[in-house]
Amino acid sequence: METPEQIKARLEAVVPGAKIEILPNDCPAGERSLLVDTAQVLAVAKFLRDDPQLRLDFCSNVTGVDWPDTVVKSKFKKTVVVDGVESEIEETIETLRSGYLECVYHLYSMELKHGPVVLRQRTANRDHEAPAVSLTPVWRGCEFQEREVYDLYGIRLEGHPDLRRILMWDGFKGFPMRKDYVPPDDFEYEPTPHDKVLEQARKHYPPEVKA
Amino acid sequence: MSAVAAMPPKNYEILPKTSETGEPIGELLEISMGPHHPSTHGVFRMDVVLDGETVVKLKPVLGYLHRNHEKIAENISYLGSMPYTDRLDYFCSMTNNWAYALTVEKLAGLPVPERAEYIRVIMAELTRLQNHTCLIGFFVQDMGALGTPLMYAFREREKILDLFESVSGARMMCNYLRFGGVRCDVTPDWLAQAKQLVDGYGKFLDEFEALFTENEILLARTQGVGVLPRELVVNASLTGPMLRAAGVNYDVRKVDKYGIYGRFDFKVPLGEHGDIYDRYMIRVLEMRESLKILQQALRDIPSGPVMDPKAKLRGFRPKAGEAYGRIEAPKGELGFYLISDGSPNPFRYRVRPPSFINLTVLEDMCLGHRISDTVVILGSVDIVLGEVDR
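Those protein sequence lines, which keep their order, are chains P and F. Going by this note's numbering, the first sequence opens with residue 781, and the numbers climb by one from there. Going by this note's numbering, the second sequence opens with residue 90, and the numbers climb by one from there.
A portion of the hints provided could be inaccurate.
Unchecked claim - DSS-like mimics (lysine-lysine), calculated; alpha carbons at most 27 Å apart, straight line:
1) Lys343(F) / Lys983(P)
2) Lys857(P) / Lys146(F)
3) Lys976(P) / Lys408(F)
4) Lys976(P) / Lys959(P)
5) Lys343(F) / Lys381(F)
6) Lys976(P) / Lys346(F)
7) Lys959(P) / Lys343(F)
8) Lys853(P) / Lys399(F)
9) Lys408(F) / Lys160(F)
10) Lys959(P) / Lys983(P)
11) Lys160(F) / Lys953(P)
12) Lys356(F) / Lys855(P)
13) Lys408(F) / Lys853(P)
14) Lys893(P) / Lys160(F)
15) Lys855(P) / Lys408(F)
To be verified - Chain P stretches covered by chain F per the calculated footprint, using a threshold of three residues with CB under 8 Å from any CB of chain F:
16) 788–795
17) 876–890
18) 893–902
19) 917–927
20) 946–959
21) 974–981
These are computed hints drawn from the structure, not numbers from a lab. All residues carry an ideal CB built from backbone N, CA and C; glycine is no exception.
Throw the hints in and build the complete structure from the sequences for me.
Shown next, in the form of structure tokens:
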């Protein structure tokens, strides 16, 4: 099968305006993924499905990933001159990477029996119901899995024919797979309020009540 | 494939009859099949809209057994999730263990000793045998063959579960595989017992098949019912016997050759019509192929360690990265997707449940059929709610 670089080169030639980034993967499995802009992801997906060399007709797995705000530490070396002596020191720079939500698609080909190609799209931020693009029009098998992504991660996938909650009940508030989700404390009511329960309950109060 | 020539697909009127002005004649009836209905194999609901007895709309409603398995697994160590994978598809804990172990081994680059690979294959194929046997029992029970065939199926299943119990300590919640091997070795005595079971299983299958394969009621209720065309099956990501019944040759054991499946001589049975009868027949033939694999594996199993000596059970921290591993579980392709950030817990842990995704096309299969057929169609999908709802 083609390498991610070859797929990227062909995609950028065919899909107008497509910008594709290849994300590294350091583990021994080493499946690198293609990160596509939400604006072009539908065209890219159609190309991947219909291209005679790739024929990725089987979308095996669809899932969401929540990447919260993190401080990224990057180290670089620089030379300084202290008292006329040149020495090399290492400096660390901390930058804040704002969080985003991600949809990951694992694509295989049933016809040509190869794969996987990992396709990713990212939302702009971690807002409630942050928008992304549904690939259900391309692969019907995404239907339930994208409903699950919406249900548990709160990514509003535009173009999905039936975007409702699937595992949680209708009327449920919040998105339980997000990293900052706080489970309600009245799921299992405990009649003796010890410190842990009270502390958990306090997280739900608005700030002015807290005092 | 079929024992008798398949009947042509039935042509039902899908839409309700309308008058000249477009008004529906008569009323549509909305009923709720489940969640507590014996045909749903658990707590599962189908919102069905009927015109007379014909289904015009069907929406599956799930999540009654949802406990957010993935979130729980993100908060415990890698090994801590291993016993919990047993509870996904509680009929096939061995294959669930294998799928998870395979993904972690892929993520961390762990080797597996030869003997452990053979033991894994033996366990997975025994699991397939008992899953398909029971499924056929449940499936004919849904059609009204109450009790007896299911008891035959459970009698055979119990023999396999006895083997699991004697090696892992538990009948169903085996928790037997580990990253880089299996938990404990099997004894020569156990292998002899397994061989005895495998040798006798073909005879049981002959008897079992004699009950159903040319049974008039089964033929009438399954042929031409719940037909799925080949294009839809691929596009809707169906896997396992559901996929192969429509004639698509795709078995992860043959495609990925994970473990040591490349060494065994076995065939992938394929259907022609994609109806329920083909799905039944595929499962029977798959069991016969499993017996072939088991005979080869039990003959060739080498001696040696069953655990990689460098494998670390405690304080296991794979390097940052991600991996997607998949195996051919009895119900279809079972996948795990793990993202590691270098900490002892997975950053993201995802299960790709085959029976959840196979339900996507439930409505397409049921439209235009009678309400009584939905029960048989659901039975042929082979769902386990522990896995669907997670």
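Here is how each hint holds up against the structure:
1. Proposed proximity of Lys343(F) and Lys983(P) is contradicted: the alpha carbons are some 52 Å apart, above 27 Å.
2. With a CA separation close to 65 Å, the supplied pair Lys857(P) and Lys146(F) exceeds the 27 Å bound.
3. This hinted pair does not check out: Lys976(P) and Lys408(F) have alpha carbons roughly 34 Å apart, beyond 27 Å.
4. Simply put, Lys976(P) and Lys959(P) have alpha-carbon atoms about 20 Å apart, close enough for the 27 Å limit, and the pair holds.
5. Using a Cα cut-off of 27 Å, the hinted pair Lys343(F) and Lys381(F) holds, with the two alpha carbons roughly 15 Å apart.
6. A hinted pair counts as satisfied when its Cα atoms are at most 27 Å apart, and Lys976(P) with Lys346(F) does not qualify at roughly 50 Å.
7. Proximity of Lys959(P) to Lys343(F) is assessed by CA-CA distance (about 38 Å); at most 27 Å being required, the pair is judged violated.
8. A hinted pair counts as satisfied when its Cα atoms are at most 27 Å apart, and Lys853(P) with Lys399(F) does not qualify at roughly 32 Å.
9. For the given pair, Lys408(F) sits about 21 Å from Lys160(F) by alpha-carbon distance, which is consistent with the 27 Å threshold.
10. Of the pairs offered as hints, the one joining Lys959(P) and Lys983(P) holds, with about 15 Å between alpha carbons and a cut-off of 27 Å not exceeded.
11. Distance check on the hinted pair: Lys160(F) and Lys953(P) sit about 17 Å apart at the alpha-carbon level, within 27 Å; holds.
12. Distance check on the hinted pair: Lys356(F) and Lys855(P) sit about 55 Å apart at the alpha-carbon level, beyond 27 Å; violated.
13. With a C-alpha separation of about 17 Å, the suggested pair Lys408(F) and Lys853(P) falls inside the 27 Å cut-off, and the hint holds.
14. In summary, the hint linking Lys893(P) to Lys160(F) is not supported, as the alpha carbons are separated by about 32 Å, beyond the 27 Å threshold.
15. Between Lys855(P) and Lys408(F) the alpha-carbon distance is near 19 Å, which keeps this suggested pair within the 27 Å criterion.
16. Only residues whose C-beta sits within less than 8 Å of a C-beta in chain F count toward coverage, and the stretch 788–795 of chain P has 0 of them, not enough to reach three; the restraint is violated.
17. For a cut-off of 8 Å, the count of residues in the stretch 876–890 of chain P with a CB near a CB of chain F stands at 3, and the three-residue condition holds.
18. With a threshold of 8 Å between beta carbons, the proposed coverage of the stretch 893–902 of chain P by chain F holds, since 3 of its residues qualify and at least three are required.
19. As drawn, the stretch 917–927 of chain P meets chain F at 7 residues by the rule of a beta-carbon pair under 8 Å; at three or more, the given contact holds.
20. Restraint check on the stretch 946–959 of chain P versus chain F: 6 residues with Cβ-Cβ distances below 8 Å, three needed, restraint holds.
21. Here the stretch 974–981 of chain P counts 0 residues with a CB under 8 Å from a CB of chain F, which misses the bar of 3, and the coverage is violated.
Going through the hint list in order, the structure does not satisfy hints 1, 2, 3, 6, 7, 8, 12, 14, 16, 21.
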